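Peer 1: Chains as they are written, first to last, in my numbering: chain A, 868 to 976; chain B, 443 to 751; chain C, 2 to 258; chain D, 6 to 80.
Treat each hint with caution, since some may be false.
DSS-like, lysine-lysine: derived pairs with alpha carbons at most 30 Å apart [stated by the list, open to error]: (1) B:Lys647 with B:Lys594; (2) B:Lys647 with A:Lys958; (3) B:Lys597 with B:Lys654; (4) B:Lys546 with B:Lys643; (5) B:Lys543 with B:Lys724; (6) B:Lys543 with A:Lys958.
Since the hints were made in silico from the structure, they are not lab data. The model shown is predicted, which means the values in this text are computed figures rather than measured ones.
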Amino acid sequence: MPEALRAPTREGVLAALSGVADPEWPVSIVDMGLVYEVGVAEGVVTLTLTFTATACPCMEMIQEDIRDCLLRLPGVRDVRIEVSWDPPWTKDRLTERARVALRRCGVTV
Amino acid sequence: MAMTDEQLIERIGQGHIVESPGEMTPEYRQTLIHILTVSADTELISAPSYYTAARNVPSMNNLISALAIIQDELSHAHIGYRILQDLGVDTEALIYDRDPKQFKHPYAFDVPLRSWIELIVANAFYDRAGYVLLGDVYRHCSYGPWRRGLAKVDKEENFHLRHGENGMRRLAATHREELQQAIDWMFPMTVEWFGLPDSLKTHGKQIGYRLKGSTNDQLRQTWLRTAVPLCEGLGFRVPAHHERATDAYVLDYPLPVDFDEAERRWLMDRPITWNDVLVRWKRRGPGNAMFVEMLQRGRRQMRETVERH
Amino acid sequence: MSTPLLDRAAALPRETVPPLVDLVTALADNKHALGLRYGEWCSSGPTIEAGVAATAMAQDELGHARVLYGLLEELPGAPRRSEHEWAAGDARTVAFVDRPFPSWPHLIVANLLVDQALTLVLETALGSRYLPLRQRTRKLIEEEQFHAVHGQGWLLQLAAEGPRVRSVLDAIIREAWADAVCWFGPDRGGALAPLVAVGVLREAGDAVRRRFLRQIGPLLRDAGLASLLRADGDGWVPAEALPWAEWDESRRRMRRG
Amino acid sequence: MQRIGDEPVYEVFARRVDGEPLRHVGSVAASGDALARVYARSIYDEESWIELYVVPRRAVIPVESVRTEAVDAHA
Numbered sequence: 868m869p870e871a872l873r874a875p876t877r878e879g880v881l882a883a884l885s886g887v888a889d890p891e892w893p894v895s896i897v898d899m900g901l902v903y904e905v906g907v908a909e910g911v912v913t914l915t916l917t918f919t920a921t922a923c924p925c926m927e928m929i930q931e932d933i934r935d936c937l938l939r940l941p942g943v944r945d946v947r948i949e950v951s952w953d954p955p956w957t958k959d960r961l962t963e964r965a966r967v968a969l970r971r972c973g974v975t976v
Numbered sequence: 443m444a445m446t447d448e449q450l451i452e453r454i455g456q457g458h459i460v461e462s463p464g465e466m467t468p469e470y471r472q473t474l475i476h477i478l479t480v481s482a483d484t485e486l487i488s489a490p491s492y493y494t495a496a497r498n499v500p501s502m503n504n505l506i507s508a509l510a511i512i513q514d515e516l517s518h519a520h521i522g523y524r525i526l527q528d529l530g531v532d533t534e535a536l537i538y539d540r541d542p543k544q545f546k547h548p549y550a551f552d553v554p555l556r557s558w559i560e561l562i563v564a565n566a567f568y569d570r571a572g573y574v575l576l577g578d579v580y581r582h583c584s585y586g587p588w589r590r591g592l593a594k595v596d597k598e599e600n601f602h603l604r605h606g607e608n609g610m611r612r613l614a615a616t617h618r619e620e621l622q623q624a625i626d627w628m629f630p631m632t633v634e635w636f637g638l639p640d641s642l643k644t645h646g647k648q649i650g651y652r653l654k655g656s657t658n659d660q661l662r663q664t665w666l667r668t669a670v671p672l673c674e675g676l677g678f679r680v681p682a683h684h685e686r687a688t689d690a691y692v693l694d695y696p697l698p699v700d701f702d703e704a705e706r707r708w709l710m711d712r713p714i715t716w717n718d719v720l721v722r723w724k725r726r727g728p729g730n731a732m733f734v735e736m737l738q739r740g741r742r743q744m745r746e747t748v749e750r751h
Numbered sequence: 002m003s004t005p006l007l008d009r010a011a012a013l014p015r016e017t018v019p020p021l022v023d024l025v026t027a028l029a030d031n032k033h034a035l036g037l038r039y040g041e042w043c044s045s046g047p048t049i050e051a052g053v054a055a056t057a058m059a060q061d062e063l064g065h066a067r068v069l070y071g072l073l074e075e076l077p078g079a080p081r082r083s084e085h086e087w088a089a090g091d092a093r094t095v096a097f098v099d100r101p102f103p104s105w106p107h108l109i110v111a112n113l114l115v116d117q118a119l120t121l122v123l124e125t126a127l128g129s130r131y132l133p134l135r136q137r138t139r140k141l142i143e144e145e146q147f148h149a150v151h152g153q154g155w156l157l158q159l160a161a162e163g164p165r166v167r168s169v170l171d172a173i174i175r176e177a178w179a180d181a182v183c184w185f186g187p188d189r190g191g192a193l194a195p196l197v198a199v200g201v202l203r204e205a206g207d208a209v210r211r212r213f214l215r216q217i218g219p220l221l222r223d224a225g226l227a228s229l230l231r232a233d234g235d236g237w238v239p240a241e242a243l244p245w246a247e248w249d250e251s252r253r254r255m256r257r258g
Numbered sequence: 006m007q008r009i010g011d012e013p014v015y016e017v018f019a020r021r022v023d024g025e026p027l028r029h030v031g032s033v034a035a036s037g038d039a040l041a042r043v044y045a046r047s048i049y050d051e052e053s054w055i056e057l058y059v060v061p062r063r064a065v066i067p068v069e070s071v072r073t074e075a076v077d078a079h080a
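Using the sequences and the accompanying hints, generate a full structural model.
Peer 2: Here is the structure:
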């Protein structure tokens, strides 16, 4: 297969990240609205992420999970994560899918 | 209209939820107060116990997660004592004037945790016991205010035990020996927590009042059903195994056995009686006085300041 | 404003780097210490509710310290702060938060004076030209909002306990006073002035101190604890001269102790 | 302002999502409104509420109740 076809895309990265859950909520980090930016260039994925609180105890765990998940994608050779607090996360960032999912398991937001 | 105890049990059996003290018989009220006190004391004492272990955590992240858990435990205790106060109990005296030995938490919290590893195992074992016991109350509870309060408790205790499980998984490779040592004394400790076997204790009233749904042995079995596979899955030894014929978990030692407090070691070849266990529980363990002192310190200081000349 | 943003450490004018490093280190270390101090009272508050609130605030402070340590990593010449080694001798904390609080009123005074002083300084970075600082500030201030309410609520409750508690409180406020009130820097900001000049901070020194005193002045007056400050026009000023001779600008603490 | 240990009770109400009724989630004891807000927020943090309120218990005035003593007391 030509190298170009194996190059990861932004959509591919987002789809993969939809499988990474926030350990505190049964919802992916994408649906939680924690992913601010995604960049892909020459096999390097650059992510800008936020968290719900600066004291989020799961920050390290989530970043490890993201790395594990993205490095398994064909063509990804490095993952660079930047944590951003600007703008601060708010409940408005939850996707409708997250709201439905959270409601279903009784942890409605 | 005064109700007899039999009438109340019948109504509760039909699904009635009690909402106020006016609807209770004295026996129901006493039973409720007893169970609530055990529950609130247990949540409360876990705070100084977990905090003492959290002081030695390896990273700031660990400290933050320990504090998050402690905050939950204190909130759960608060919910219990608030309900007790609305039932007419003098919670001021209950929390701040009670002799440490009179606190009604399980003996497990009288044995101080010494490390981050032990705190992780406490989350995986002790908070799982809390989750099993309170989940049982939550699903059956006939007292409305507590039942509603337990929705939060149920959810958060589940988070704590997952925190413990994840911690054990992450540390299983690098801290194998320390984890096994913690499991060796904390596993039988949690098994004992569930109390006298059904053959020695009946819970007619508590179950009739729907302040409890299952018996001690059933609850112990529920705990074993998830705790044993967790440990075995990670390759740790536990003194219990699954028996296919009965689809039950069976202990590999005669419950109860003697516990060496100083060495924190179970003497598996020294069976004792439940009476002996009750004596140890009543005597309380090495951390009891210190933990209760931590809990009462701030209020005592305030009182002294107000009264001082 | 049309002034361009300073989007990374290399864009900072050279003379602003050392004072910025000192300030961020001190902010982070003080928040780290406050987090530990609040946490020590998790199971010892005078009420269970008080313990819950202290535990929540402890997590916020530790979270903020972690965010600010992250900011230090980008700054040249910044001291290395691995998470648990900070106390090893060069912590830039004020003396009041160096050691465990001996009583709950100590925690409240730290909450009211030290914690709030740090927050007011952070507020001067809300529109900072230095992007990495600006991007972290709003979140931190948002999370601080209830700390102020907590400190104010408890001060009034303690003061209402009677004259003995008020005299104890008064003595504790004296202990923490200079640490908090000098924290904004002298006059026009002292060592922080170059940061104001290039727009890394909006203001420093007296301007921030005035705002701080206007915030706590009426509260201390209502609590019967205003012996260290007096009303002056529409604001408040310290009743006694501040001990600038003892103030260490780079460590942002008093030299003694 | 009440003495420590003698704080009045506040009932805590919250809403999870738009369109849902405000519901009673519990209570806190606090010396005044300020601390009641702080306590409600740090104790009942099990959900990301979109609204959270505290109401002094004495401000909750019974109108009807199957527990007649509550209503009679206010008659």
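Peer 1: Give a verdict on every hint.
Peer 2: Structure-based check of all given hints:
Note on Lys647 of chain B and Lys594 of chain B: the hinted pairing holds, with a Cα-Cα distance of about 26 Å set against a maximum of 30 Å. A threshold of 30 Å between alpha carbons decides the hint, and for Lys647 of chain B with Lys958 of chain A the separation of about 46 Å lies outside it, so the pair is violated. Among the hinted pairs, Lys597 of chain B with Lys654 of chain B is consistent with the structure: their alpha-carbon atoms are about 18 Å apart, no more than 30 Å. Taken as a hint, the Lys546 of chain B and Lys643 of chain B pair is honoured in the structure, with Cα atoms around 18 Å apart against an allowance of 30 Å.
At roughly 7 Å between alpha-carbon atoms, Lys543 of chain B and Lys724 of chain B fall within 30 Å of each other, so this suggested pair holds. With a C-alpha separation of about 46 Å, the suggested pairing of Lys543 of chain B with Lys958 of chain A is violated against the 30 Å cut-off.
Consistency with the previously given hints fails for numbers 2, 6, ordered from lowest to highest.
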